[in-house]
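S.K.: Take a look at the letters that make up each chain.
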Amino acid sequence: MTAATAAAGETAEIVQRAEIDRSCRVPVLAFLASAVFWLLVGTVLALLTSISMHSPHLLPAWSWLTFGRIRPAHLNTVIYGWASMAGIGVVLWLEARLCRVRLPGQGVLVAAVAVWNVAVAAGTWDILAGRGTSVEWLEFPYHWSFFFAACFVVITVVSLVMFSRRRVSHIYVSQWYLFGSVLWFPFLYLMATTLIHGGIARGVTQAAANWWFAHNVLGLWLTPVGLAAVYYLLPKVLGKPIYSYHLSLLGFWTLALFYNWAGTHHLIGGPIPAWLVTVGIVGSVMMFIPVSTVALNHHLTMRGSFARLKDSPTLRFTVIGAMSYTLVSFQGSLTALRSVNEVVHFTHYTIAHAHLGVVAFFSMVMFGAVYYIAPRLTGREWASARLIKVHFWAAAVGMALYWAPLTWGGIRQGMLMNRADVAFLDVVSYTVPFLWTRTASGILLALGHVAFGVLVWRMLRREGGGRVGPTLFTTPDTDREVRS
Amino acid sequence: MTLVYATIWGAVVLFGVTAVAALAWAVSRGQMQDPADGARSIFDDEEPVGVMTDRFPGDRR
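Protein sequence lines, in the order shown, are assigned to chains S and E.
So the first sequence is numbered by the numbering used here: it starts at 2 and just counts up by one.
So the second sequence is numbered by the numbering used here: it starts at 901 and just counts up by one.
No lab work stands behind these hints: they were computed from the structure.
Among the clues, some could well be false.
Said to hold, decoys possible - Below are the DMTMM-like pairs computed for lysine to aspartate or glutamate, each with C-alpha atoms no more than 25 angstroms apart in a straight line: (1) S:Lys390 x E:Asp934; (2) S:Lys311 x E:Asp934; (3) S:Lys390 x E:Asp944; (4) S:Lys311 x S:Glu464; (5) S:Lys241 x E:Glu947; (6) S:Lys241 x E:Asp944; (7) S:Lys241 x E:Asp959.
Produce the entire structure from the sequences given, and follow the hints as far as they go.
M.R.: What follows is the structure, encoded as C-alpha cells:
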C-alpha cells in the first residue's frame, strides 16, 4: 500500500468514527445531560433522606419531607433518572461504535428523552405528593409505566436496526451484554408492572414478583450496561486488548444463566416457599463464576498498566467501578447465605451493599464513560483537570466513608437485634452515629456530583479546549486547532 | 388467569429458546473462534493496539 492510499485509509477511519460520533451527538448528549440533572436532584433527595433519619427535627414539618416519601423519591430519581438515562446514552453510543454505523432515529430518540424526563418528573412529584404505590422500585403510579415502556420500544428498535446494519463481522463481548440488557429490561418492567399493578400477583406472591423485578433491574439492566462499558473502555483507553476473550464470553453466558434466579434472596426467612428462597440463594452463589471471570479478565488486562491511572480520568473511574463490581458481587453472594442473612437482613448493612453496587460500581463506570464519550461528541476537551480530580476523590473517599461504617454498624445492629435481651430502641440508638457518617459521606459524594455537574455544563457550552487527536467529527486538518 | 400462566410460561420458553438459539448462532458463525481477533476487533489503524486514547485535559503527553 502506498503512503497516499495508507493515508487515505486512515482518513477514512477517522471520518467514519467521527461520523458515527457526530450522529450520536444530540440524542446521546440529551440522555447524558438529563441523567446528570437527575443525579443532582437525586443527590439532594438523598441528603434530605439521610438527615431525616438522624435529625428529623432539622427539617420543616412538611408532609413531602417525611421519610416515607422522600426515600422513594430519591430511589426513583437515581434509578430511572440518573442510572437508566446515563445507561441508555452509553448503550446507544457503544452500539453505534461497535456496529460501526450511524445512530438512526435521532428525532424519535430525542422525543424519547423528553417523554422519559416528563415521566420521571411527574412520577417523582406523585411520590412526594403522597401518591406513591409503596412497591419498591415501582413507586411511580403505574400510568407512568406506559411512558417508560413506549420510550424503551424506541431504544430496542434502534438497537435492532443498528445491529442489522452492522459493518463488522465479529460481535464484540460488549455487544452481547448490551443486547441482553436492551431485551431483558423492557420485558422485566412490563411483566412486573402488569403482575403487580395489574393486581395479578397479590400478597406474598406480590413480594416475590417485586423482588424478582427489583433484583433483575440490578442484574439484567444496570450490570450488563456497566460491564459492556468496562469491556470496551478499559481496553480502548489502555490500547490493550482484553486479556482472555474466551473468559469474557463465558462470563456473559453464565451471567445470563444465573443472575435471573437470584431475586428471592431478598425474601430469605420470609413467608414464601423455602424452595423458592433456596433457588434464589443457589443462583446468587453461582454468580461467583461470572463475577470471577470478569474480575480476572479486568485485572489481567490492567496488569502492568496501573501507572496509567494517573493519566486518564476514564481509566480511574472505570477501574474503581470494575473493582467495586467484584467486591459488591462477592459480598452479595455471601450475603445470600441463610446464616449471614439471618444477621444482616433488615439492617443498614443492606443499604451500604446497595449503594456499593449502584454508586461505586455502576455510577463510577458511567462517570468514566461520560468522561470518554462527551469530548468525542462535542469536539471539546473537559474544561478543568482539577475539577475532574475533585470529582474522582470526592466520589472514591465518599463511597468508602459511606460503605465501611454502615456495613460495620449494620452487622452489629443485626447481632444486637438477634438478642432477645436487647430492647429494640436501644439497637436503634446504637445505629445513630453510623447514620451521621452516612450524611457526612453524602455531603462528600454530593460535592463530587456538583463538580461533575459543573464540568458537564461547561462541556455542553463547549468551554474546554479544542480536542487534539485523531478522533473528532471534523476533518483531520481542523482538529489541530487548540483554544488557549 | 390462564392468560397470565400462558404469558409467564410463554416468556420462559421464548427467552430460553432465544438464548439457546443465540448461542447456537454464535457458535455456527464462528463467533467463538479466534479470541485474539475478537479482542482486537475494537482497534483499528487510527486507534491501534499500544496507544492510549484518553488523558486529562491540558496534558500534552
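S.K.: Does each hint hold? Answer for all of them.
M.R.: Quick rundown of the hints versus the structure:
1. At roughly 39 angstroms between alpha-carbon atoms, S:Lys390 and E:Asp934 are farther apart than 25 angstroms, so this suggested pair is violated.
2. The hinted pair formed by S:Lys311 and E:Asp934 fails the criterion: a straight-line CA distance of about 33 angstroms is larger than 25 angstroms.
3. With a C-alpha separation of about 30 angstroms, the suggested pair S:Lys390 and E:Asp944 falls outside the 25 angstroms cut-off, and the hint is violated.
4. Straight-line distance between C-alpha atoms of S:Lys311 and S:Glu464 comes to about 23 angstroms, which keeps the hinted pair within the 25 angstroms bound.
5. With a CA separation close to 11 angstroms, the supplied pair S:Lys241 and E:Glu947 stays within the 25 angstroms bound.
6. Under the criterion of a C-alpha separation no larger than 25 angstroms, the hint pairing S:Lys241 with E:Asp944 is consistent with the structure, at around 12 angstroms.
7. Under the criterion of a C-alpha separation no larger than 25 angstroms, the hint pairing S:Lys241 with E:Asp959 is consistent with the structure, at around 21 angstroms.
The structure fails to meet hints 1, 2 and 3 from the earlier list, while all remaining hints are met.
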